[in-house]
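Single-letter residue listing:
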Amino acid sequence: MIVVNTEMVPGYTIREVKGLVQGNTIRAKHMGRDIAASFKNLIGGELKGYTELLTEARRQALERMIAQAEQLEANAVVNVRFTTSAVTQGAAELYAYGTAVVVE
Amino acid sequence: MLQLFLQLFPILILIALGFGIGSLREWRHLQSLSRRERQYSDMIVRNVKQVPNPESVEQAGLVSGEAVIATDYFKSFAAGLRNIVGGEVKTYETLMARARREAIARMMEHARQIGASEVWNVRLETSNIRSGSGRRNPGVSVEAFAFGTAVVRKQS
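Line by line, the protein sequences are chains A and B. Here the first sequence is numbered in this note's numbering, starting from 1 and rising by one per residue. Here the second sequence is numbered in this note's numbering, starting from 105 and rising by one per residue.
Quick caveat, the hints were computed from the structure, so don't treat them as lab data. Because the structure is a prediction, the values reported are computed rather than measured. Any given hint might turn out to be false.
[What the hints assert, rightly or not] From the structure, some residues in chain B lie toward chain A, with a derived Cβ separation under 7 Å:
1. GLY126
2. ILE148
3. ARG150
4. LYS153
5. VAL161
6. LEU166
7. GLU170
8. VAL172
9. ASP176
10. TYR177
11. MET200
12. ALA201
13. SER231
Glycine residues also receive a C-beta, built at the ideal position from the N, C-alpha and C atoms.
Produce the entire structure from the sequences given, and follow the hints as far as they go.
This is the structure we're talking about:
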C-alpha cells in the first residue's frame with residue numbers, strides 16, 4: 001500500500017479512484033503522564049509520554065484508513081490529511097483521511 | 105509584610121527554578137536541533153505539491169514527525185504578565201519554534217530511515233495541550249506535527 005499526501009503518486013498513473021477512506025482513534029491521557037506533565041511544566045522540555053501517545057495514535061488512525069482502502073481493493077491512498085480535535089478535556093481524537101486509488 | 109513575603113516565596117522559587125533549568129534545557133535543545141539540522145542539510149524538504157521528475161521516482165511514502173514541548177514556569181509567568189499589557193510574547197515564540205523544528209527534524213530522520221533524500225508537500229500542524237488545570241498549573245504544552253511525502257530516487 002502506497003500512502004502519500006501529494007495529489008498523485010509520483011512515477012505512477014492513477015487508473016481508478018475508489019473513494020474517500022478514513023480512520024480515527026480517540027485517546028485519553030492517563031493520570032501518571034498527567035502528573036509527569038505538570039512537573040515538566042515547571043522546568044520545561046519535551047513531554048516524551050505525550051509524544052509517544054500521539055505518534056502511536058496517529059499510526060493507528062493511519063492503519064484503520066489503510067484497512068478501509070484494502071477493503072476497497074485499492075493499492076494506494078493519495079492526498080492524506082490529518083486532523084486533531086479535542087472531544088473532552090482529557091481526550092483527543094486523531095483522524096486521518098485520504099482518497100483510495102488504484103495506481104500502476 | 106513578612107507574611108506577604110512568605111506567601112510569595114514559593115512562587116519566586118518556582119520562577120527562579122523555571123528560569124534556570126528551563127533556559128538550560130532550552131539551550132541544550134536548540135544545540136541538538138542545530139546539530140541535527142546540519143546533519144540533514146543535504147535533504148530536500150519542500151512544501152511544494154508537485155514532485156519534479158516523477159519518472160525517476162523509485163518509491164514514495166508518507167513520513168511524519170511530532171513533538172510535544174512543555175513551557176517552564178518562568179515562561180508561563182512572563183506570558184501571564186504580557187497578558188496584562190499586551191504585545192509580543194517572546195517566551196512562547198521560542199517554544200513554538202522549538203516544537204516545529206523538532207517535528208521537522210524527526211520527519212527528516214524518518215525519511216532518512218527509509219532511504220529517501222527528498223520530502224515533498226510538507227504540511228505542519230500545531231495544537232496546544234492543556235496539561236493539568238486550575239491556577240496552580242497554568243502551563244501549556246504545544247504539539248507540532250509535520251508530515252510529507254518522502255521520495256526515493258532510482259540510482260542513475
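Under the constraints set out in the numbered hints, which ones does this structure not fulfil? Violated hints (numbers, rising): 2, 3, 11, 12; every other hint is consistent with the structure.
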